[in-house]
Structure formats: C-alpha cells, structure tokens
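So the protein sequences, as listed, match chains A and B.
My numbering runs 897 ahead of the 1-based position in the first sequence.
My numbering runs 216 ahead of the 1-based position in the second sequence.
One or more of the hints may lead you astray.
Label-pair ranges, simulated between beta-carbon atoms [what the hints assert, rightly or not]:
1) A/P1287 to B/A1118: 38 to 44 Å
2) A/Q978 to B/N353: 42 to 48 Å
3) A/R908 to B/R343: 52 to 58 Å
4) A/G1288 to B/R378: 25 to 31 Å
5) A/A973 to B/G390: 41 to 47 Å
6) A/R1283 to B/D387: 32 to 38 Å
7) B/R1005 to A/P1287: 58 to 64 Å
8) A/P1287 to B/R378: 49 to 55 Å
9) B/R378 to A/A1069: 19 to 25 Å
10) A/I1277 to B/A943: 25 to 31 Å
11) A/Q978 to B/K348: 42 to 48 Å
12) B/R1146 to A/Q1042: 55 to 61 Å
13) A/P1287 to B/Y459: 32 to 38 Å
14) A/Q1042 to B/A631: 50 to 56 Å
These are calculated hints, taken from the structure and not from any lab test.
For every residue, glycine included, the Cβ atom is placed at its ideal position computed from N, Cα and C.
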Amino acid sequence: MPPAPERPLTRNIRPGAPPLDLAGYERAGGYQAVRKALRDLSPHEVMQEVSDSTLRGRGGAGFPTGKKWSFVPQGAQAPPQKYLVVNADEMEPGTFKDRLLLEGDPHQMIEGVIVSAYAIGAQTAYIFLRGEYLLAAERLGRAAQEAQAHGYLGEHILGSSFSLTLHLHSSAGRYMCGEETALLTALEGRRALPRAKPPFPQVAGAWGRPSVVNNVETLCNVPHIINHGAAWFRGLARGRDGGTKIYGASGHVQRPGAWELPMGTPLRELLEEHAGGMRAGRALRALLPGGASTSFLTAEHLDVAMDFTSVEMAGSRLGTGTLIVADDQTCPVALLRNLEHFFAQESCGWCTPCRDGLPWTERLLEAIEDGEGEERDLEILAMHTRLLGPGKTFCAHAPGAMAPLESGLKLFRADFERHIRERHCPWKAAH
Amino acid sequence: MATIHVDGTAYPVDPGDHLLHACLSHGLDLPYFCWHPALGSVGACRQCAVTQFHDEHDTHGRLVMACMTAATDGTRISIADPQAVEFRASVIEWLMTNHPHDCPVCEEGGECHLQDMTLMSGHVYRRYRFRKRTHRNQYLGPFVKHEMNRCIACYRCVRFYREYAGGRDLDVFGAHNHVYFGRQADGVLESEFSGNLVEVCPTGVFTDKTLSAVYTRKWDLHSAPSVCVHCGLGCNTFPNARYGELRRVINRYHHELNGYFLCDRGRYGHAFVSQPSRIRGPLQAHGDGDRGNGNSDGSSDLRPIDRSHALEQLTAMLRERGAGGVLIGIGSPRASLEANFALRALVGPEHFSQGIADAEHRLLAAVLELLQRAPAPVATLREAEAADAALVLGENLPDTAPRLALALRQMVRHASFALAAHEQVPAWQDAAVRDLGRDTRSPLFIASPDATRLDDVATPLRAAPPDIVRLSLAVLHALDAAAPAVPDLPEDQQALAGRIAQALQRAQRPLIIAGTGAGSEALLRTAAAIAGALVRSGRAARMLLTVPECNSLGLALLGGAPLSAALAAAAAGASAGQAATLLVLENDLYRRADRASVDAALQGARHVVVLDHTLHATARRAQLVLPAATFAESSGTLINCEGRAQRFFQLLFPQDEVAASWRWLNEAACACDPTAARWDGLDQVIAALTAELPALSAVRAAAPGAQLRVDGSRIASAPHRESGRTAMYADRTVHEPPPPANADAPYTGSMEGYYGPMPAALYPFFWTPAWNSEQGLNKFQQEVGGPLRGGPAGAHVIQAGGESPGGAAPAVPAAVPAAMPAAFAPRAGAWLLIPQHRVFGSDELSARAPAVAERITAPTLGLNPEDAALLGVGDGDPVEIAIEEPPRPGPPHRLAAELRPALARGVAALSVGLPDQPWVSLPAWARLTRARA
C-alpha cells in the first residue's frame, strides 16, 4: 500500500508528460483498490466506506455519492442489469478539470469505475465523453484495452465473481447531455431531452434499468477512499466536505490553470497564490466560482472557503470549482451576452420558458451592448431571472443560465444603465 | 375521493388524477397546451402553472405545473395567485416571440386553442421587438397543410403521431427555439391517422388541406351530429357545411367509441358528397325506356327528367306487379336502416335482398347470430382499449377498421401502467410511463396471413387462413378441454396456442377480435367461442367482430336473401316470361357480384330502377335513376359492429330533387296504394319499422325524435356567431331566407333556438364561451376525457339471447365448425387468393373523395418473394390470374405483383374493392403465371 498522498487525484499527473501506462500505474500503487474491494469488501462495505467519506458529487450539484448509490435497488427482486455511467461530458464553460484527469491519468478513472460498479452491482459501464475530447478518448481507449488485457475489465475480474464491460461513448455534443437524465436518453440514441422524475435513474435509467451517473472527478476519488479509508479522506479537506478538489481558473489571471487543493481552500488563496492574481494593472471585477451557471462573486467574497456549503452561503454555488475571472476592463454586458448566447443555444427546446425565454434575454443583452437598449429591457431581464428560476422550468438548465444574469443585473446595474443611456458600450471605442 | 382547495374553495377529486384534470373537470379555466386528455402529461409547455401552498399557513407558496402534480388529499392551490397569473401570461408571451400573429389569414383562427389560451392568460401587448425565426414549410400530402412558423412547440403532434398512433415519418428536429416538427423531407404523411394532427395541434401548424380549398371560419359552418359511413365501427363525426356545401368532417367525441380521434378515411372520405359524379336529379335512359337503346357497353344515355315524370314512371313500373310482374328490391349495407326498411316494406320481405355477396351474407348472419348468443359481451372501442390482452384472428385491422387498430395500440400499454404504479408513477405521467414501459407490453397476438401495420406492438403470427383457424381452435382447446383438439398440429403451433391461451387466461380483461374481412366463418365462431370460454373461467372477457360497412349489421337485422338470389331471379325471369322489376337501393352491384351475373340480371329485368347518390356502373345501366341523399342530406340510423344504433342528422338541405331514399320509396308506395301510410318524417319510418320488427324497438332510443323541445325550443344548429347570415344569399335575395324545414330532427337550422345541456346524440357542435377550439369539449364531459354529460349516444339493438327479426336464432349453442379444417396444403402452380383490403381505396365512397383518391395506389397481387421466384416474377411484374376454384367465367385478369416478405407461402393477396377493380369471390384458388409484358 502506497503512503497516503495529500494530492491523491493528481499524484500521477505530470504536466506535458503522457499518462502512466498500466505497468506504471500499478507500480504507483494503482489497481490496489480493485484488488482490495474484490478480495476483502462486499459491495455494501464499499458503498458504506464511500458514504462515510462524505464524498459529494464533483459534477456541480454536490449530491452525496454514497447516498446516490444507495438508491439502486439490490437483491434478488432487483433487475439484474444495472449500469454505471460516467458523466465525462464536460461542457460547462470555463471548466476543464475532468479533462485533466482523463488525459492525465486514465487508469485512475477506470479503477474508480470498476470499484464503483462493484459497489452498485453494475456489470456494464459507459463513459459518456464530450465529443471534442479526442485526446482523452484515445488515452481512455488505450487504458481500457490494457485493463482488459490484464484482467481488470471483462469476465471474472481478478478471478472474482464480478464482471464488468466498459464502453466508451463519444457524445454528439449538446450541453444538455451533461444533465444526467438527458445524458442517459442520448446514450440510448434518442433525442437528448431531460426526463421527468420519478422514476429516478437509480431505479429506471439507461434503457429503463437501474443506473448511476457519476462525474469523472467523483469516481477518481473512489479508489483512494477504498485504499486509505473514509477518515483519511475527510481529513484531506479544510472544511466540512471531505477530500480534495480540482480547482481551476481561467480569464484575466496571471496563471490560468487547474490545481488539486484541499476542499474548502479559500477563494483568495486560489486566485492570488495559485492563479497568480490578476493580470498586471488590472483589478478584479467579478468571478464565476464554478462555471457559467453560477452566480458572480466579487472582491468582497475572496475569503469564502471553496466548498459546497460556504459558497452557497455567499450566494453562489461551488459548481465545478473552476473560476471564470473578469477584470475591471471587461464589459459585464458583453460577458453576460456571451454566456446567455451559450445557454440559449444549448436549450434543448422542450419547455417554453427556457426555449423561448433564453433567446429573448440574449437578444436584449445584445441590444443593450449594441447601444439599442431601452429602459424597460432591464425589467424584462429581471422578469426572466425570476420566472426562469428553479422549479419553474423542466430542468435546471434555465435556472443555471439565470444565475449569472440575476447576480450580474444587481452587481452591474450602473453599467447596464450607462449602456442604455449613452446608447453604446462604454468599453468600446466611441463612435 | 380526496379534497383539494382551489382559491379557497374545496373540491372533491380523485387523488389518482393530476391537478389540471381536477380543475378542468370542475369547470375551472386553467390554460394548457402540451397536455391532452388522450395523451397525458409531459410538463413541456409550463402553461398550467398554479401556486401550491404547503398548508393553510403558507401564504407564499411555490409554482407547480398542475398537469404534473397529483391531486392528493388536502392539496391547496391557487389559480388566481398573482405569481401564477404572471407566469402563465409570460408563457404566452414567450410562445408569441416566434408566433407570426397571422390570425387573420390563419385557418385555425376562430377555433384556435392558442387564441383561447392567450385570452385566458391575459397576455395582450407584445414586448418582444426582435426578429422572429423563419421555417420552411413542407408538403405533407393531400390531407394536411403545414405552416411551421406558427408552431409553439407543444410537442403534441409528435407525441400523437409517433407515440400514440405509431407513425414513423413525423418527428422533431433541431434544438432550442429552432425545433422543427415535420418530416425528414417533404412527402405524404404515411400514417392513416395523420388528419388528427389538425385537431391535436393547438394552433395553425397542421390544418385541414381539403377544408383549405373551400375555406370557411368555424363560426360560419353549420354542423350536425353524424356517423362515419366508411367502415363498420360507427365513429361519430361532425360534418360541417356552408352555402349548402359540405366543407369538412371533424371528430365528434363518443366516450365509448372513437374518443378524440378518427382515421383519415373517415375524416376525408366525405368529399364524395360534393363530387361531379353525384346524381342531383332524376335521370332516365334515353329512348322510352326500351333497354335495347343502350350503348355498346350496356350503359344507357341518362338524361334528366323532372320529378313528377320520374315518379309517374316509377309508379307505373310498380303497378306492373299487380299484372303478374315480380318486384325485387336490392338493399344495401351502406344505406340507412330506414332506407332499407322502406324498400323491404315496398317489395315485401320475401322479395327483399340484402344486396351483398353470398359469402358476406353468410358471415354477417354468423356475426349476428354470435352477437345474439353473446358468449361474451361485445367490446366497445373503449373497452378494446381497456383490455389487458388481445387476440386478433385473421383481420387486418389497420386496413378494415382503423380506429380499432388505434385502440389496440393503446391497449398494449396496460402492462406499463402496472409497472409505473409499482414505481409510484401515475399513468398520466406519459413520458415517464413510456420510458418505464418501453420493453413491456400487454400481450397482443395478431394471427394473419400477411403483415399488418399493428405488428410493431404485437406478436405477429403468420399463417395461411386454414392454419389460422386451426391455431385458433387449438387456443380454444387449450382454454376449454371440451372443445375438440386439433389433430396433427405442428409442435411449434401447439406451443404457440398454449402461450396464447396462457396469456389470455392471465389477463383480467382479455379481448378476442375477428371480422368479416378475413372471409372465414370458422374464425368468427372460434373467436366467439374463445371469448365464451374465457367468460366461463371468470374473466371479464369481451369479443369484437368487425363488419365491412356502416350498416352491415342493420341490414343483417332486417334479413333478406343474398344478392345472388335476386340476380338469379331477375336473370331467370326473362326466360320464364316473368320479367322482374329491379329496385336497386344505394348499391353498385358490380362491386358485389361478378360482371356476367350482374349483366344477365340487368338484361333479364324488365325495368331497372336505381336509387343512389353517386353515379356508378349499375346506375349507368338503369332505366330510371332517382337521386338519393347521402348521409349529409338526410337523417337516418346506422347500426355498427357492436349492434349500436346511431342516428345521423341532416346537415345539407339541397334545393334540387335529392331526397332520402326512404322518401322516394314511400312516395312511390303511396302513389301505388292510396291506403299506404305516408311518412312525413323519420320518426314515422322508425315507428313503422319498430312496429313491424319489435326486436328493433331500441332503434327509437338511438336519439330523441323531431318533436323534442328543450325550454320550449328546437335546438340551434348554427353557431351563435354565424356572421353575414343576411348577406350570404344577397346575390339572390336581399331578404334573409327562412331556415330549411326539418321534419326529421329537432333542429332550427339557424342560430336561433336552444343550445345547452342536451342528449349526447343531438349536440350539433361543441362550443362554449372562451373555448372556441375542439378543446371546448372539456365543458361537455362529466370529467375531462370522460363520458359526455348527455350520456352515450346511440342505443344497443341486439339483446343477448334475443331473436333476429330476419330469421329465428338457432337453438343450438354456439358451436365451433362442424368439420375440423385440414392444414393448409399449398398447391403446385396454384395459389389461394385471399383479400387484401386497403384503408384508402377499398371503401367505395371514400375512394371518390379526391384527397383519398390521391392516396390510392394501383391494385396488386401480393406474393411471398419465394413464391414470386417460383413464378419468375419480380416486384411490379405483371401476373396473370386465372381463377380455378370456385369456377369463374370470364377472362383471367392481370395485376402487378407486390412482393410481401411476411405473406404466408402458397397464398396470394389480391387487393379488393379498389375503383374499377372487378369483383372476385374470395377465397379462391387461382393459377398464376407470369404475364408477357
């Protein structure tokens, strides 16, 4: 057993270097969790360990992983076919943490898949991979072949009674596929629409069978929890939520990048130490803490701990934990227009408020940015932030789209009004 | 029962329903789009939002979608809460961002659910000031027009077309606010239920193309309750007319029958009423009635004569009866009960022929006998849909009884409802239930010689007709040991029979279906016997026996000989010096007997009189032709396959000589015999009919008579908003013409009169303030999707164990065929010809509607590809068909081969009933050869 690492997820990742092959991964202590789980632990014990670790889903919603697994029906009455589906459809703007794990240490995730599939009793697993992740697809494919050749995948893994078939599916590409029920529907070859719940995917997911959909980073944590125990995992964090987190930053910072840090690392540390602070001569205007669908935070929030609960108390969401940072020379209207263009385009078209409301907000922001805004446009934008909120639309897409807009309208009110009053964007050269 | 509180008022509800269902059923106005009573809830449009409160102390509440929220006991909601009101208005505002606001030129205008819901939601002024998206529209065939720019993306069209009706060629494409509902490429919509898109679509994306050509707003259309005349199911319809012209047919909700949907044959077949081939006045063969003056093809030059002259001629012909002449009346299964009865009364029961072929006559007699014996109750279409297992024997339902096929497509979903209930998912959660039940279907077995368009939801069993009989007898034996075992049944067939029997036994409500379309009396009897065995074993089993035409069963109840007897008598009469006068009622004999025997009868007859509305081969050979009314120009009764008498009411009051056949016949009868009773109205015909045939007394109850007054008034049969009524005939008169007198029904013919709660059979239309679209039906149902407040329309005529007036019911209990049929033995060089019905083409009248005619393809001879290879023919190659057994005079005919991979070997499927196709008695054995091109 290797010594317990402080940075378990990225310990094998060397920037610029190819990932470890199977032999290298094994030498680094890889596939020990598979051996341990299959040899020493019942599926229930694996599940219990993960529950005890307080691991929460790293896709953005932060749902406790062990609890999610516990909803899968087990026993003789349960459907024998169950699926584990890896949500590797990393399409959240500004987010590239899963890509780091997929490209940097593909065996780690495959090991996580094997142990997690064992825990929930799935004999088939799918990796639903973002279509553009070509390098990840290549590396995952190679790693899966190696794992298969060495008996970590396939029939009777390591001589146990557990078998697992792993499929890699590259997405045709819709943001909506990141929503777990739409992902399952797309995986089945159908139009990527979200589903009504109940039934929940754990009961009737892919092809109507019990299915668990977990994020890449979530699954990568599982082998380490099995190897080193729940208590160790909890101890890695600086706050209530256990483990480490891959944080990232993009935008107007000195050193954009991704870093594995203790869960609960303060925002300031992330921004100033790891991302190197704002570019020279620029000040922070605002940042989105966890991808495009989170609310803005500003300089006054820099001491917030980056864990699920603390960020929520600050009025936003941890989301994917990857910052999008905007400096004081960024036009907030243009920034929001760009975001809402994305969300409007990625609406699946199923429910009215999202399908027809988001394009309206985009058009309004476009008009304001182009100097064609009207006074009441701000009221209409505000109306959308209220009426496209949680519970009013079919899924969380539109509420996610409204998070930056709602906070942006409050934070940047003066900028909006100036656009409308002066009939042009102040950040653009006057015409 | 549970109680919910809506804006402070308590309402009793079924906790199994959702809140939208509960609110609408209590008459509350709550707007919606994506939900439809027959399609369930999917939560897409977000229009039915209400505020739900946690308890009586909660004043803030949260928005929920009423259609997606169960009406559990104690639920507190508000429709009037400002946040819900604002949200619902906003949904309309969003939908309108891309809607073209083209109501003035939109054919949905005036009956548009989107218009109604917009007003209901209170959105008025447009704030969206940007460009709207533009779609290209598609050509979808002769029935449905497409204007995608009006689309509000409620998804109803694809849910109906694909999920409900099983169509494949309409889908949703694209994403976000560019979603596109159409076909992959322009082309004819394939489903025979495509016309329902017109009613399912809440706005003007899908509109009625045939109405479009003669467009009129709904408020200018007169309407009358009617019954479809294009198959034997008796779906209820509303024909609509303006300026005395039939413009369209729409669905008329009947809870136990068609519900919300019609097939395209029923919706678009009506145009035969307005065709140039209509007979609009009396016609006389050129010359003074001498039959030698005809054309070389035997037809006469028919010329108009005036009414009194025509009646004089007819009277003179009838009087010859007294001078030793024989009068033979040939009735028709597409004529009303009253018309057939009037003919029967005129010629006497012994001279009345049903006017149908021997085989059909035998089959219908068997159907009637089985309905009277009733080993199991007869299923309504609704009960068919509610069955939890079904066995179809021989009948190709999508082509002979399409609406029943649609019902069976829903029937297979029962297993998924049970599965959903186990997961705490209510049946109305449509998307979730379909997801859960994707691999689970209630058993539906279809035993037929060829593929059917229902096979995708069924277990299809392919066999030649005799082997289907044997299989069904084996099922019967498996259910009832007293029934004979089937000898020499192959093991796989034996196992299959066991599987079917087991599935039927496991069901609570098994359904057995057979029909006359397959041409096998043995199958009809075995179907009834299987249903009977299931009833005896305690199942709530039902049987359903389909019949070919709209009044086939009414005709069978009147009794009478088959057509062959009448033809033989007419042909023989000439040589015996007793030339007969043939009175042919609404019947083209060439569609029902071979050309030679019809020719012989027409030539042998002294006089041939045809009463019909459409000029056809028989009418062309008549001496005298009288213009009969269609369903749209007369009132009368039709009896459908379940034995339900249903009244259709007159909509058009033509100025010419067109009149109900019974009126012509009664007038002639009175002219011949001054003592004969004169019938001034339909009620008197029915009184005479039920007096003579007491077993049919229930016909009276099919609908109230013409004397009915509600609040002292007749019923208004034009809508309250009929515009321009004083200007409509301004080219002829500046005065408002009086509405036509209607002796047959309690209607005023105008907007004056009573409109309110009334017996269901009488509603001339469903219309209520604020609900101008067909969705206004909600207000007329006991609960949405439930029975009409006025009760079910129609009356069951056949009493189980009763007697048929046409002949005494046999005393022996329902028996399976006396002789066990032998297994099918293919013959070298010869094939067993079986009928292949076509939804578009096999029905005589609808085939004359131009839009339907566009859908008719040329007749073919279906062959299994291996059989075709034996003959050396490929798809489309001509095949010469020489019928050997039963022997048939005349030259062989020639048809193009159609390769049918699912067709049983040794069998050839001959398309039947298509326009100008010669009649052939089927089944028959024929020698087939590859024809030289």
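To see whether the hints hold, each was checked on the structure:
no., hint, verdict
1, A/P1287 to B/A1118: 38 to 44 Å, "violated (52 Å)"
2, A/Q978 to B/N353: 42 to 48 Å, "holds (44 Å)"
3, A/R908 to B/R343: 52 to 58 Å, "holds (56 Å)"
4, A/G1288 to B/R378: 25 to 31 Å, "holds (29 Å)"
5, A/A973 to B/G390: 41 to 47 Å, "holds (45 Å)"
6, A/R1283 to B/D387: 32 to 38 Å, "holds (34 Å)"
7, B/R1005 to A/P1287: 58 to 64 Å, "violated (41 Å)"
8, A/P1287 to B/R378: 49 to 55 Å, "violated (31 Å)"
9, B/R378 to A/A1069: 19 to 25 Å, "holds (21 Å)"
10, A/I1277 to B/A943: 25 to 31 Å, "violated (45 Å)"
11, A/Q978 to B/K348: 42 to 48 Å, "holds (47 Å)"
12, B/R1146 to A/Q1042: 55 to 61 Å, "holds (57 Å)"
13, A/P1287 to B/Y459: 32 to 38 Å, "violated (56 Å)"
14, A/Q1042 to B/A631: 50 to 56 Å, "violated (41 Å)"
In this structure, the earlier hints numbered 1, 7, 8, 10, 13, 14 are contradicted, and the remaining ones agree with it.
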